[in-house]
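> In the order they appear, the protein sequences are chains Z and Y.
Residue numbers for the first sequence, in our numbering: 1 to 677.
Residue numbers for the second sequence, in our numbering: 678 to 1028.
Calculated from the structure, these hints are not laboratory results.
Since no wrong hints were added, every one of them can be taken at face value.
Covered, in the sense of this in silico footprint (three residues per stretch, anywhere, with C-beta under 8 angstroms from a C-beta of chain Y), are these stretches of chain Z:
no., segment
1, 393-402
2, 478-490
Just some of the chain Z residues that point at chain Y, by a computed CB distance under 10 angstroms:
no., residue
3, Val265
4, Leu267
5, Pro277
6, Pro278
7, Arg374
8, Arg376
9, Val377
10, Glu378
11, Leu381
12, Val382
13, Glu384
14, Val386
15, Arg387
16, Phe390
17, Ser405
18, Ala473
Where is the CB? At the ideal position from N, CA and C, for every residue including glycine.
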Amino acid sequence: MNAASERITREIMGNVPGWMAAAFYVLAFSALGVAAVGFAARLKKHRAGRREARCRPAGVSWWSRTQAAAGYVAFHRQLLEDPLAGVAHLLTFYGFVILFWGTCLVFLEHDTPLHFFYGSFYKIASCFIDLGGAAFLTGLGLFLWRRHLAAPRRILRAWWVAALAWLLFAIGLSGFMLEASRIAIDFPDFEIWSIVGFGLAQGLRLVGVSGPAAATLHRWTWGIHAGLCVVFFVLLPWKFFGHMIFGLASWARRRERPCAALVTVPLATGALDAQSPPGAVTWEQFTRLDLLQADACTTCGRCNSVCPAHAAGKPLKPREIVLGLRAAVDFGTAAPLTTWVEDAALWSCTTCGACNAVCPVGIDVYDKIVELRRGRVETGLVPEGVRQVFDGTLAGWNPFQRPASERLAWAGGLSPPIARSDEPIELLYWIGCAGSFDPDGRSVTQAMITILESLRIDYRILGDRERCSGDPARRLGEEGLFQELARHNLGLFDRHRVRRILTHCPHCFNTFRNEYHHLRAGADGAPAPTYEVVHHTQFLAEMIGQGRLRLSAADSGSVTFHDPCYLGRGNGIVDAPRDVLRRAGANLIEMPRRGAASFCCGAGGGAMWMEVGGRERIENLRAREAAQTGAATVATGCPFCKGMLLAGSESANAAAAPATRMRVRAVSELVVEAEGL
Amino acid sequence: MTVSRATVIIGKCMPPAAELLMPADRAVLELAANGFPGGAEVYCVTADDAALHYALAAGASRVDVLTDLQTVHAQWVLVGPGSLAEHGDWLPAALAEQLAAALVFDVQEILRIDASSMIVRRDLGSGDRDELVVSAPAVLVFADQLAPTRYVSRFRQRAVRVPLGRTDKELPNPLTRLASDWQTARPRARSAAAVVGGSTTADERTNGAFGLSTDDARSRDSSQPLKADPATCAAHLVRYLSHHGLLPRAIRSAPTSPASPAGTSEQPSASGARGSPPSPPTPLPGGEGRTGMGRGPRLQGEVPAARHTRRPRPLTALALKGASSSDVARRPRRIGNLGTEHNRGPRPHPC
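Next comes chain Y alone, as it looks inside the complex (with noise of 0.2 angstroms):
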């Protein structure tokens, strides 16, 4: 069987004491050690010695700094939580853009991995969860809750203190990597409703225009990413509508445009093509019909315990509505935001 290459993202240790990577991320070592025997290479989000050691006496076959998401080439990114903490769930986006790979979130288990797929278990919150079958390319984000069944010795992490290249590098925020690659947005549909306070910038106006009205004004942060022709900003959207479940799962891609179905690696144009785009993970037989998870977005310097508890979603599809849709409740978390909105509850049933 042939090995697939695997790069794991951790974060940094834990304060206090800075020498305790969090259980996760250590769970998350472990995951790879188990699943690739040839050793994963390990990328740490800061330049935290500490946790590149941990790494090497975990069984990582190589260790480095993040400095640089070009510089992540492999079938499989195993995403710790501890990694998120500095640029939220865009990392890991950015990683599953670059490899024109599936995105999976909240990922407790590697089942089985085959040449070119693997199996994972996905929590669904409130203690559900479904089982996936994904292709490679793919970037698995693993779940805050996991924990590391096997301990490394302190006298294995000094076995392996090798000196390790400091760099005064960092990872740049992929915010900014993402804007600078992409095209200034020139909506052209406008909906009066959609206007609010005044406000006219361009993510507002595209919520509005999908019916998705926030309540406070958007200061003209110019590093919102949704910076792009309307086509790749709707093939955004969309990912964005799916991966918050308001959008029903059967949905594999986007209403037909000129330019590329959404739910697809849909890359910037300035980009340019990266293969073809990856296939949704599929759900295993008894999975149909379940809608995606609650679970919203982590933000940049989010912790997990100030998270949502997430709710399941109820299995009505929806239809894409305007400002009309009762469900004023339910509001994606903003991109940036740091969680001034909590009103996620759950959708209230049609019927």
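So that you can see chain Z by itself, here it is in the shape it has in the complex (with noise of 0.2 angstroms):
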């Protein structure tokens, strides 16, 4: 150390005032001191929950788990999506970063033996700070811009959003008021390298303000400042300040699986009870990671802009819903969450899972809402077309209310080889109840009958002893229902002994893939399923990829996807389609939102079998942006979204001349039209 070098620093709390400062010590303490309280007793809601089995897979550490979150939050991949939204949380967060880490310096300093704050580092630390702190200010002023100016619909409009953005943003400029009015009282040549506090302070004493006047306002901004900062840590846990907590731990904890499964529900295990069923009717029935994911949003609205309901205008917000379920564990009461979560909003959901794919805490929201419709299950609160649907199930084992006699029905002419008893079966095609009773989903099933019968695939159908996957049941809520359809499926793939489940229903195959299993779940985990599901997609692209089905690929005119929620989004299945479409000589033209981003048809999550009302209907919506792409066909990979865009193509068609009028097809039947099957 030399003088010249020790000269260059600043006296920490120099101009302020002995009970000044020793008021701020008392009221900052107390005030974590609250803040810890207050986390404290949100944490002691949470555990009031229920415990929810591993929500990991097996193998993976928590400390894993904490790396890959602290990466997701420094790269802010998710939030970058929306490109102002992102940048400004960016800088903001940086910037709070930074000046945090610049009050640990200072405290240390102060406060602490040790001795650095000096020199060169005291200079580079201060344009660090300075930099971080002109950062923060950009973030801030970017959101209270936007929400002011230039708002998005799915901003928030409540005051204490906007209140504790400009806590933030006043707690940020004071602090380069403070600054300023210390540089301006006798202007160090080195602070200077406090590039903005200084120019501030150039500023200051343009307008006359230096000298003893500058060390008048110093103690004014140092007490606002102080006084701010105290009221900040007051209210960290409270309303969004708290997502800086718990946002971490509900990205860091979030459920790991395919964004279309369900977590299992152990309803044979005896957790549950006639005292206490399945489903949350009060808050406390909810899992103790919806508690906190539940205090982990940030109100951003991106699951609202997303969700396909809200864009028909039905009731549904999927933010409100959180931030109903968060509202009924503030007021803590055994209240029913009918208070806090309205009907209407429960039953338009349509699961398609965009909300939960696009939240940037990763909170699971659609898994909230069918957590509320068990709830209303179990205590017979079902609008009269989810009770026809669970009824239809139980008579007939399908949603569609039909005999199962019927269910093979869409045979006709066609003698598809139906496994005798016990019959080890390599490849089960799986028709499913779209398939069976559906008319628009029986051509699809006889398509693939066709393809299946043109390339001499050895498979077996299982006919009649098919019953629903459980799929619908088990999105309208009734686990029960599920679990017993689960369980006599699974003991048919057992005796069957079946490799290989094809189908051409999404909601069959993620609900094979990825649920079943998880039935037999034990102590260490679900264990992996004793069979594979390919949806026909794939098996398509495969018998493509082996040369066993060889497309002409001659001109089939424009075709435009639409990737079932289930499938594209839900299980990550997006190239597979197209790749076949465009062996099967289609000129692909894509819609805007597809993918993983597509816009949901509006028939899951039971929705094809209830209505509730809004603007206008979700597959109109579909329809319409299928039908700007200019292209002739749109083909699809599920047979619910077929019938929902051949129900939603009706208005758009109408208008237009017969010759333009959109067809819509599955996959399969584009393929069988163009090899002439």
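Now that you have both chains on their own, put them together as the hints suggest.
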């Protein structure tokens, strides 16, 4: 150390009266104590929730999850999908981190025996801290500008959101004024390294604030800044400030699974009984992770902006479901959640998973909706259409409320090979309920059978022994019915020693692949499935790759592909259908919302069988989007999507000339057409 | 308020899955759960565990298989239409007899329950309804079209899946039971016009005596219920006619006879007295003048879908006539007849 270097520093709290400093310490630590108590109280409420089975795959440690979460936070990948919000948050976040680091340096220098805050380190740190402060204010400024002057629809117009943002902005601004007024007292030359503060100090001198006046200003701004910081400490666990802690925890603990898969409810373990049924009627009946996620919500509204039900003007707003849960926790009463979440919103959901996929803090939004539906089912409060689905599924083993005897009615003149009792099956073609009972789905089944027969594939079907996979029942909240159906079907798979299941329905695909085997979970988690599940587009791509299916690639016109939610976003299968379509000669034109960002057709989550009124129908929105591509054909890989798009395209086609009307076909049907099978 | 006891009778689960009660039975269970906070006893007419577990899950205090009508002791007996598939209308009729209870068919809704009475809404057919004040004891048979409003989840049904005592016993056919308690009929009156085709079964002679001619020979079925002394026979016949709306509602009691008046709970002499007869259901203001519904009695094995549409009766009171009645098209459905007679048309207006 030398005297010149030692001179390059500042006197921490030099101009602050002793009583102010003492008061600040008392208030600050009290405020931090209040915050700690607030966090502890919140954690206590989280622990009032149900325990959940392990949410991370076996072999993944907490440390690796924490590292992954830290990496996610550091690079803001998901946040940057909204560029303005992402950049603003990046600036605010790193600015805050730098300022916090600077505060820690000051504390260490002033309140510990350490002595380092001088000389070159002081200059560099001052510059860095000033840049951090500038980033902090720039980010907050962007947020406030957008909120007040250019707000997108999804912004939550709640006074407390703006108030908290302004509080942070005031803290940043007062910090710079504090620095500027300090520098303006005697203008040390080395303070030029505090580039923002020095510049502001020059501005103060221009208006006549320097010397003693600057010292007075410095004491006032110090008091204001300290007071705002104390308020900030107290509010740390409150509203969206808590996302700084809860958001990271939520992301670190998020459920590792495909987007479309629901977590299994342990009905058979005895943990649930008549007094503690599945589903949530009060907030304590949610899992601990769900309650943590409710506190992690930043109210950004991205979930609302991607929700198809919300886009169609239905009552559902996914963010409000999460905030309703948070409000119920805030009030801490045993009041039923029907007080906080209205029924019409619940039953509007199509469980497309877009909200889960887009949430920047990893909240499982539609899982909470399904949990609330389970609660409604257990209390008996379900709409008439939902009850009919359950009754139909129980009476005829299908949600279409058709007699079970009609399950093979699609076969017509075809003679698909039906498995004999206990016959081992190498490849099981699972028709599913849509493929059996829905007229639009039956043609998909017939096309697939035609392809299988033409390729001379050795396959079997189960015929009328098939029962619904249970997906509609599960998404509608009837977990008991789903598990009954699943256990029956699993018994069939075991009896026939099924090796591979081919299905053309993404809902059956998702249920078999991602959910069934969890019913066999033990203490060590769920065993791997004993069978492989393949979607028909994957199968066709595989046949093409193996050279068994040679498509002529003759021009089959312009086609746009609608990614089914449970296939693209739900299970990451995006390329296979497109590969098949190209090989079939399609001129692919993409819709703006495609792949994992696809827009729902409106049939999922049981919405196929019930209607919650909105401004318009979801399928109309998607059909219009498809029509706007100018493609002659909309292709899809789901019989439900096909039916909904057909319905939705009626209005679009009504105004079009016959030659330009858009067709809707499944991928398998287009392959049959292309090959003239 | 004293909570009265209720018993619910339900049928078995519907084929082919045999896991689901018919909607109307479920609705009756729901009404019982809502109206009787202590829970109702539920009996199933067959040993159907799925039906009994559903009843438990729906809030029944106790469930059992109905093997003996004598075990039913309640002020209110709510009969789900699913239970009638086994024994027809005779099940509620027999219960009403046993309990000396009022008997009301086609109940759609229970509007209010008091200590000893309730107000029910009854379906008269063709969209017509009325409301009755029914005093306990009463047997209420609910309409086929009833639908439940609350859903009972599969989890709840599984959660109450306790072992139920299986029994191979079945509810004895009430016809047989009633017949065994009654004496052989020895009608005194004989109308030449009533004899058709040489058949001289008791019910034909009785029907003929009251101007209700038949046109097909009756087998000498020993299970016919009209076996009693003439007074008892007349008492029950008047009730039967009243049920079919062949008598004006104003008639509260049958013509005087040495025996008790009709329209009351006249019991077969072998059964002994059962206390004071129940008062007939009282229509609420606004319901006067309405005659009984055109609903025919449900026969054994009859399914709701095969039942005839009902038509409202005209309001004119009819005099009991003999065979000169022009209304030959309206024949009461004969007991045990599985629907061969379908000509239940509206009564021509006497004006």
